[in-house]
Every structure is written in structure tokens, then in C-alpha cells.
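K.L.:
Residues per chain, in single letters:
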Amino acid sequence: MKKTSDILATVRMLQEENLDVRTVTMGINLNDCAGRGMPAVLKAVRAKIKARAGSLVRICDEISIKYGLSIVNKRLAVSPASVLLEGHQHADAVKLAQALDQAAADVKVDLVGGFTALVQKGMTPGEETLINALPEALSSTKRVCASVNVGSTKAGLNVDAVKLVSRRVLDIAAATSRFHGFGCAKLVVFVNIPEDNPFMAGAYMGHGEPDCVINVGVSGPGVVKRAVDRIIAQQPDCTLDTIAEEVKHTAFRVTRTGELIGREAARKLGVSFGVVDVSLAPTPRVGDSVGEIYQSMGVRAIGAPGTTAAVALLNDAVKKGGAFASSSVGGLSGAFIPVMEDHALDKAVADGTLTLEKLEAMTAVCSVGLDMILLPGNTTAETISGLIMDEAVIGIFNNKTTGVRLIPVPGKKTGQRVNFGGLFGSGVVCNVACPRGAEDFVNRGGHIPAPLRGLTN
Amino acid sequence: MRRKNSNFRFVISVLAADRVGILRDISSAVSELNGNIDGLSQTVVEGYFTVTLTASFANRLAEDDIRRKILSRMDPERISVFVVHHDGTVAARTPASGDRYILTLTGRDRKGVVKLVTTYLASRKINIEDWFMDMKGDMASYVGEVAIPESLDIRMVHEELTGLLAPTGLRVSLQHENIFRATGEVGPIASILDVNRKARSL
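Here the protein sequences come in this chain order: A and B. Be aware that the first sequence starts at 16, since it is given in my numbering, and climbs by one per residue. Be aware that the second sequence starts at 2, since it is given in my numbering, and climbs by one per residue.
Simulated from the structure, these hints should not be mistaken for laboratory data. Some hints could be false.
Below, a list of computed lysine to aspartate or glutamate pairs in the EDC-like style, where the Cα atoms sit at most 16 angstroms apart [unchecked claim]:
| no. | chain 1 | residue 1 | chain 2 | residue 2 |
| --- | --- | --- | --- | --- |
| 1 | A | Lys18 | B | Glu186 |
| 2 | A | Lys18 | B | Glu130 |
| 3 | A | Lys18 | B | Asp131 |
| 4 | A | Lys65 | A | Asp125 |
| 5 | A | Lys18 | B | Asp135 |
| 6 | A | Lys81 | B | Glu146 |
Work out the full structure: start from the sequences and follow the hints.
P.N.:
And the structure:
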């Protein structure tokens with residue numbers, strides 16, 4: 016028997032609190048498209064994407080109408096493109112990115128992830144080709160997203176790869192300088208990269224996945240904020256465990272919604288269902304912010320002492336609610352803190368209460384990392400490497416995923432505002448408290464060995 | 002369980018001011034007539050108890066025998082009892098059903114809203130299977146569980162309802178029941194989808 020109050024609570028989540036399915040992402044294995052002749056590879060890639068994803072958008076739209084629930088993005092995540100580049104040249108890598116871009120446009124999806132290299136322990140020629148092609152690949156395409164996994168708890172940190180990627184980050188920024196370095200927003204540098212993450216820009220399809228799979232990303236920071244607001248209105252003196260419990264229950268409902276949509280989409284498309292990723296992924300809209308949740312919990316100035324604890328509480332409660340809701344929870348699942356995409360976080364950075372260093376501390380307990388951070392245009396490759404390395408070891412040594420999306424903005428200085436528009440939002444260029452001084456350490460290169468906790472067998 | 006012989010099966014409906022023990026009295030009356038209740042739906046609206054049940058009896062009875070037996074256990078001035086023979090062909094004549102959707106209307110209450118909506122639903126051959134209403138002050142929430150024929154386009158139905166109710170200021174939503182089951186139950190999602198699939202294949 017359905018209770019009227021439960022029905023109305025679900026309707027309220029959908030109509031007033033911005034609960035949506037943020038993305039239905041189809042993973043497609045492209046390894047069978049590999050070959051010696053790049054024209055044949057490109058043809059095979061386009062054909063396979065069309066065959067698998069040709070009806071993705073239509074079916075998602077049908078499901079959206081049936082459930083009265085917005086499916087905001089329909090996307091693709093392909094197997095690591097570096098596999099297709101073994102034995103090929105720099106120009107071939109750019110052509111491959113452009114072919115992916117065109118294939119994504121053909122099936123009407125807005126982004127395709129998987130221009131990816133997994134180099135945590137070493138680098139193959141194909142992977143090096145991909146990384147070096149990133150500036151041209153990301154500046155000449157609209158829909159292609161890239162990721163590079165530079166470390167893992169099992170493998171440690173490939174510092175040589177970090178150095179190479181950092182130089183390419185500066186090149187991407189220069190290649191997209193007309194758009195304030197926007198190309199860098201389409202590249203995530205990971206450690207412990209998840210193989211089934213449906214969220215961009217870091218989505219790719221891992222080697223352990225089936226030939227084709229549907230992964231779903233659900234969000235809903237607005238739903239969680241309203242839930243926190245309600246419990247505090249009912250119990251003004253409620254303790255933090257009461258708030259955690261409320262967040263957990265809300266995450267349960269959000270996750271169940273995502274799994275329902277994902278399973279039905281997979282069934283209609285005739286492919287496997289993978290995971291539902293329950294992540295509080297903000298958008299620049301007011302009412303769709305993770306920062307607002309911290310404020311509702313009582314952190315009035317984001318960045319003040321206590322903020323990291325608030326992140327931990329939220330991240331943990333979301334995971335617990337999701338884990339109870341579904342046995343198919345995967346991806347990143349937790350709370351994101353992409354500064355530019357969250358108006359409350361952006362304001363905190365602009366106000367000076369939230370610093371880059373505090374953000375780094377928060378990433379130790381959030382589900383991703385230093386995400387959508389604007390840096391001064393004169394930031395050096397060594398500084399970028401140092402930032403990536405610091406963030407990477409938080410993930411490696413805590414056995415969790417961390418990702419870095421840094422955007423050095425050509426010609427901009429600390430405090431200047433940059434607007435990317437749309438879901439990518441706007442923000443101010445962050446101050447790096449001590450940008451120089453670790454160059455000698457970074458430039459040694461090599462490899463930071465895997466931590467003891469990686470030796471679990 | 003006693004076989005459901007339609008010759009000895011009745012539909013019984015009772016309306017009374019609510020008090021403790023009404024269902025006990027009705028079921029005792031049925032039991033004393035050697036009957037077995039095999040279907041039941043009961044609710045209380047604004048202090049009034051109402052129940053509709055089906056019961057099968059071992060022996061041939063007249064409708065009035067059952068009615069009088071139930072009334073004998075209650076204050077006849079404050080109760081209404083209605084008894085009819087169960088027509089075994091009724092279920093087969095139930096309107097063709099499609100997937101079940103939840104229709105909600107929320108906002109400031111307006112006179113004639115139920116008539117407006119139910120007239121539209123009937124015109125589209127959409128069967129109402131359950132209908133609830135909740136009032137808080139002058140704010141009303143209507144929740145209808147409706148079976149929408151597969152031949153109808155859900156988007157069109159939603160747009161027509163939205164247009165119909167726009168002058169009333171009520172907010173309309175129409176969503177497949179699965180989303181409410183998913184958020185309100187703890188069973189596996191796959192089983193919710195399987196139930197729908199099996200129902201369609203019957």
C-alpha cells in the first residue's frame with residue numbers, strides 16, 4: 016500500500032528539489048576496432064558507436080517521459096583510446112579524437128569520455144602518443160573528454176607521467192586560450208580511476224567491463240539540502256548524527272531512482288546494466304549546490320574549521336544510503352566539490368574563506384579531488400605537477416579515487432573571474448599559497464612506490 | 002480454503018461512523034453464517050469507516066440474510082449495509098488496463114476539481130483504481146492511481162491534464178508507479194521491473 020505522504024515526497028523531490036538523473040552513460044568497448052590502418056580503425060569506431068548507441072537518446076527520452084524524471088545528459092564512455100593508438104602516430108591520435116567527436120554528434124550525445132591512458136606503472140608508446148596529442152585533440156573537438164590515470168594504491172605514483180601530463184596541461188590551456196583554457200576542463204588526472212564512472216570528464220570504460228553497458232549517475236544536492244533543512248526545522252537542536260541519518264535516507268531514495276532508470280534503459284537497449292553512481296554533483300544553479308548543504312548543516316563560511324568534517328559526514332552518509340539501496344552502486348559515489356560548478360563553493364573562494372589548501376584537505380574525505388580549479392596563467396609545469404602529486408598521494412595512500420582538473424588560465428591572475436558558461440560554471444582564479452620551492456623534488460621524476468596498504472594479498 | 006462458488010459468493014459494503022471493533026463485528030457475522038472472507042478493502046475517511054469485502058458461504062443464502070445478520074451486531078441507526086451477489090463475470094469486464102501511473106494534483110483546493118479530472122480520465126478510457134485526497138488547511142493533495150491504456154501517449158495525457166488544470170492553479174504530475182515503488186520499498190529494483198513485465202505478458 017502506497018502512502019500518500021510517500022508519494023507526495025517523491026513528487027516533491029522531482030518537481031521542486033532538482034532530483035534528476037544526471038547522466039545515462041553507455042560504456043562501449045572499442046578494442047575490437049584496433050588495427051594497423053587508421054582509416055579502417057576510424058571507420059570501425061564510428062560504426063560500432065552508431066550500432067550500439069544509435070537509439071540511446073531516444074530510449075532515454077521515452078523513459079524520462081514515463082517517469083516524469085529529467086535525464087539531463089546522455090553520454091558515452093569508451094574503452095581507453097590509447098589501445099587503438101599502439102603502433103600509430105601523433106596525427107592519428109588527433110584523427111581518432113575527431114572521429115569520436117563526430118560519432119558522439121551522430122548519436123546526439125553531448126560528451127564522450129575515454130580518450131584515456133592508464134599509465135600508473137609505466138607508459139606504452141600508444142599511451143605516450145595519446146598524452147602528447149591531448150592539446151590538439153581537446154582543442155579541435157567539442158565532445159571528447161580525456162583522462163590519465165597516473166597512480167594507484169597497488170602501483171604507486173608514476174611521477175614521470177605526472178610531469179608529462181603537467182606540461183600538456185599548459186599546452187592545452189595555450190591551445191584553448193581564446194576560451195580561457197577551457198580545454199583543460201575536459202581532462203582529469205586520476206589515481207585509482209574507477210572503471211565504471213558515468214560522470215564526465217573522467218568517464219571511461221574499464222577493461223573488466225562487458226562489451227556494452229549502461230551506467231547511471233544520479234545527483235540531487237538540492238534534494239539533500241532540503242532534507243537537511245527540513246530536519247533542522249523540525250528539530251532545531253538536532254545533532255550531527257541525526258543529520259547524517261536524514262542524508263542517508265535521502266541518498267537511498269535517490270539511488271533507487273537511478274537504478275530504476277538504468278535498469279530500464281539497459282533492458283530496452285538490450286545491453287548489460289552496470290552501476291548507479293550516487294554522487295552529489297552540483298551545477299551552477301542556486302538550489303543545486305553541495306556548498307549549500309554544508310551551509311545548511313551549520314558551516315556558514317565554507318572553508319572555516321569544521322568544513323572538512325562536514326564533507327566527511329556528507330560523503331559517508333551518501334555512500335551508506337546508496338549501498339543499502341542497491342547492490343550495483345559504483346563509480347565515484349559520494350560528494351563532489353567542483354569549485355566552478357558550485358556557486359556556493361565559488362563564492363567561498365571569491366570571498367577568501369575557501370583556499371586551495373583547504374580544498375586539498377577536503378578532498379581527503381570527498382569522492383573526487385581538486386576539481387575545476389582555476390590557476391593563474393603563469394603557473395609553471397612544476398607547480399601543476401606538485402599539485403597533482405599532492406592530490407594523487409591522498410588517493411593512493413587512503414585507497415580511494417582522487418582526480419585533478421586544473422585549469423591554468425592564460426593571461427589571468429589570482430582573483431580574476433572566468434566564465435565558461437553552462438554546466439561548467441564560472442569562478443575566480445585561485446591563489447597558490449607557495450607556488451615555488453618544490454621544483455627539485457618534482458623534477459627528480461621516477462616513481463613513488465606503492466604504500467604498504469597496497470600489499471594486501 | 003473454501004472454493005469460491007459464485008452461487009454462494011457475495012459482495013458486502015458497510016458504511017458507519019468509525020469505532021473500535023466494526024470489522025470484528027462484520028467478520029463475526031460472516032463467520033456465524035459459515036462464510037469466509039476472501040477479499041477486503043477498508044479505510045476511514047473523516048471519521049467514517051467504510052469497507053468493501055467479498056465472502057463465500059457454504060450454504061445458499063439470500064442477500065437480506067447477510068444484511069440482517071450484520072445489522073444485528075450494530076446500531077442500525079448509524080450504519081449502512083449493502084449486499085449483492087458476486088457476479089463472476091465482473092472481473093472479465095474490468096476496463097482494459099495498461100501500466101499503472103500515479104496522478105497527483107497539489108495546491109489550493111478548488112470546487113469541481115474532481116469532476117473536471119475524472120471526466121477527462123473517463124473520456125480517455127483511463128480507469129481510476131484508487132483515489133485519495135488529503136487536506137491541510139485549504140491546501141489539497143489528490144493522489145490517483147490510474148491505469149493508462151498502452152495506446153495512449155503519456156506525454157499527450159500529461160499535457161492535456163496540465164492544460165485542463167491550469168486555470169485552477171493546481172500542479173499536476175503523472176508518473177509511472179515504478180518510481181514510487183522504487184523510492185518507497187526496499188526490495189530489489191530488478192524485481193519491480195520483473196513484476197511489470199510478467200503482468201504485461203499475462
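K.L.:
Decide, hint by hint, whether the structure agrees.
P.N.:
Hints, verified against the model:
| no. | hint | result |
| --- | --- | --- |
| 1 | Lys18(A) - Glu186(B) | holds (11 angstroms) |
| 2 | Lys18(A) - Glu130(B) | holds (15 angstroms) |
| 3 | Lys18(A) - Asp131(B) | holds (12 angstroms) |
| 4 | Lys65(A) - Asp125(A) | holds (14 angstroms) |
| 5 | Lys18(A) - Asp135(B) | holds (11 angstroms) |
| 6 | Lys81(A) - Glu146(B) | holds (15 angstroms) |
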